[in-house]
Amino acid sequence: MVKKSVILVFLFFLFALPVHASKWTINELVENASLLDGVVVTIEAEAIGEVLERGEFAWVNINDGTNAIGVYVPLDEAKKIKYFGDYHHTGDTLRFSAIFYNSCDEHGGEMDLHASSITVIKAGSPTEHPIDSLKVIVFGFLAFLTLGIGVYFYHTVKPKRVHGHQSEEETE
Amino acid sequence: MVKEIKHPTLGIISYYTGYIIVGMSLFMILPASASALFREWNVVLDFLISLFISLSLGMVLVLFGRNTRLHNGRLMWKHGFVVASLSWFVLMFLCAIPYLLSGHMNSLLDATFDVMSGFTTTGVFLLQDLDHISIGLNLWRHMLTFIGGQGMVVLALSFLVREMAGAYKFYVGEGKDVALVPNVRGTTQIIWIISMVYLFIGTSTLFITGLLIGLNPTNAFLHGLFMFMAGWSTGGFAPNQQNIMFYHSFSFEVVSILFFILGSMNFGLHYAIIKGKKMEFLKNIEIQSFLITSLTGSAIAAVALAKSGLYSDSVALFRRVVFNIVSANTTTGFGTVFARQFILEWGPLGMLAITLVMLVGGSACSTAGGFKGLRVGIVVKAFFADMRKLLTSERRVKIEKYHHIKDMVLDDAVVRTSSTIIFLYLLMFTGATMLGAYFGYPVVDSMFEAASISGNVGLSIGITATTMPSAMKIYYIFAMYLGRLEFLSVFALIGVMAQGVKTWLKRA
Amino acid sequence: MKRFNFNRATFKSDAVGYASEIGWMVLYTIALFLLSWIISVIPW
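Residue numbers (the working numbering), protein chains in the order written: chain R, 606 to 777; chain E, 3 to 510; chain Z, 42 to 85.
FYI, nobody ran anything at the bench for these hints, they're computed from the structure. Watch out, some of these pointers could steer you wrong.
Some, not all, of what chain E presents toward chain R, calculated at C-beta under 7 angstroms [stated by the list, open to error]:
#1 Trp-43
#2 Asn-44
#3 Leu-47
#4 Leu-50
#5 Ile-51
#6 Met-61
#7 Phe-66
#8 Asn-69
#9 His-134
#10 Asp-179
#11 Ile-215
#12 His-250
#13 Phe-340
#14 Lys-400
Since we're looking at a predicted model, the values are computed, not measured. The C-beta atom is built at its ideal place from N, Cα and C for all residues, glycine as well.
Next comes chain R alone, as it looks inside the complex (with noise of 0.2 angstroms):
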């Protein structure tokens, strides 16, 4: 009778707590640092900036739209990915496991992932930004409007160098 709970206790934690690791968006792993050090996480999100080469290594920032934090690689994996997040272009969406740190004793106490592969299971690609037709209608009354404004201005305020006397405005 004892054995038998003992080994259904036994499968509940197997089973029902993640052993495996599970997926975390990057403000979970923030917010539970402390419960989460050490432990291996699944992360999803984004490539963002560029790679930033330490010799065989390499940081690799992500943003999965909730925070952003690095990754710390090897080389080759980095080199996996094409596509970075920026204006013109939609980084690749990277997924991987990786030891999550609160306090990274190998870079100075910063709170990183490291991981050994990484995988692009979406690739990224450049940002399409229309011009608004709208804008550029406003833009076009606009000048209009500043140029208009801009000459009675220049008119009305400007020094004016007639009968060699100065203006007003350089005699204060």
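Guided by the hints, dock chains E and Z onto chain R, whose structure is given.
Showing chains E and Z alone in chain R's frame:
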């Protein structure tokens, strides 16, 4: 023949505010050009549209007040103060236009919040999706802190054709009072020259550092430029969501420290040291105050965190604790830990240390915020002077002095002014804390955020977010504004407005 | 309008001035690191 002016005060204020607005508007050409260079065509339109709106408004204001130039001799303190605070207020809306047009802001309130955060060199932000914004908009954000740090009025004054009677009143209105040379135009030009020299030195150093840590040349330059502008101005904005953690670099952090501490120093002190008075650094009361607060604060926080076991070696303690304390004390706001880590990991002692150094702040007449080291130093010295007077025989009369560029007398007026301003900061800080508590945020969190906002620091514990109640956003905007302009000019603006309303009601 | 008067005579001494400012900063940063080191070696 002189035209009779109906509303001289209004005219004078309109005229000078208009010129400051025209000046700032022209700066929009820079991000527009940057965007054109990087093929961000929508953004080019955004900035040109903003430029036209701002320029038009500025010119209209100048035109409205153009006849008051003749009455220049009647420029009063109230005019100076109101022009400073009003131009900041109007520019808050105008400079928000590019933000709004970018689509990265959830509301006008959020956009004006970010602009005020930039002008006041605070550094908290509500902008969404920072990692995907255009280079033009990123340049604009960092320019706002760089220009705001020196001051829009200071910038305008440096362009004066020749010295203007009454210029000093505008200068003081923006929260500065140091006269590097006897004329204001000269002083403001020197402030800008020093800033531009360091812009060159700082950007170059960060550019080289950036290349060494793996950034490509274009990014190394852009990040170097942005991080310098944010550091020197003690603003604390950064081009990416991770702030300075984006670089994962000890060297980048160290170079940044050099420039943000420099940026937090009084321009009078810069001028003195550059012109040869090297020992002024140690004799100066503000530096002494800063050394004491930063070293004590760092020690306390480092002990707290070493004790907790989170950071065990010197590098970690320096990078994650000391860096943030000094960033907080200079009111910069660069962070090497995530916002939430402060409350989750620093513990009561660490939190106390960082909150206190945020309130004390940096040097007067610099880009820093807070009570200012000068005032804290004066009040502390006055306290000790009073103690000495009590204990020594009453026949001895000693003149107490303090050294700030030159020896100055520690008289009652100086002590009273310093104490009043410290009191006002504390009042504003308390209000922000209570508001946060009212909306359900934990008290310690509220205090941290309130200190950061009141001191124009920019470190956040997580409260500042687009989901924050609007009432808090508005209070924070005013707190950043009041804190940066050191209360007087905003009070003057309110006072003049109240006077105007009273007069209008009487006439009606 | 002249904003920057490039004066050869003051350039050298100004350069020394800027260098001394940066020098002070470097010294202070070293002091901060020493502080971190001292605290890291003491068993709290």
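These are the hints, each one checked on the structure:
1. Trp-43: 6 angstroms, holds
2. Asn-44: Result: holds, 5 angstroms to nearest chain R Cβ.
3. Leu-47: 5 angstroms, holds
4. Leu-50: Status holds, d = 6 angstroms.
5. Ile-51: 5 angstroms, holds
6. Met-61: Since chain R brings a Cβ to about 4 angstroms from E:Met-61, closer than 7 angstroms, the hint holds.
7. Phe-66: At about 11 angstroms, which exceeds the 7 angstroms cut-off, the nearest Cβ of chain R leaves the hint on E:Phe-66 violated.
8. Asn-69: 9 angstroms, violated
9. His-134: 6 angstroms, holds
10. Asp-179: Violated - the Cβ of E:Asp-179 stays beyond 7 angstroms from chain R, reaching only about 22 angstroms at its closest.
11. Ile-215: 6 angstroms, holds
12. His-250: 5 angstroms, holds
13. Phe-340: With a closest approach of 5 angstroms, the E:Phe-340 hint holds.
14. Lys-400: At 45 angstroms from the nearest chain R Cβ, E:Lys-400 fails the 7 angstroms test, so the hint is violated.
Checked against the numbered hints above, the structure breaks hints 7, 8, 10, 14 and satisfies the rest.
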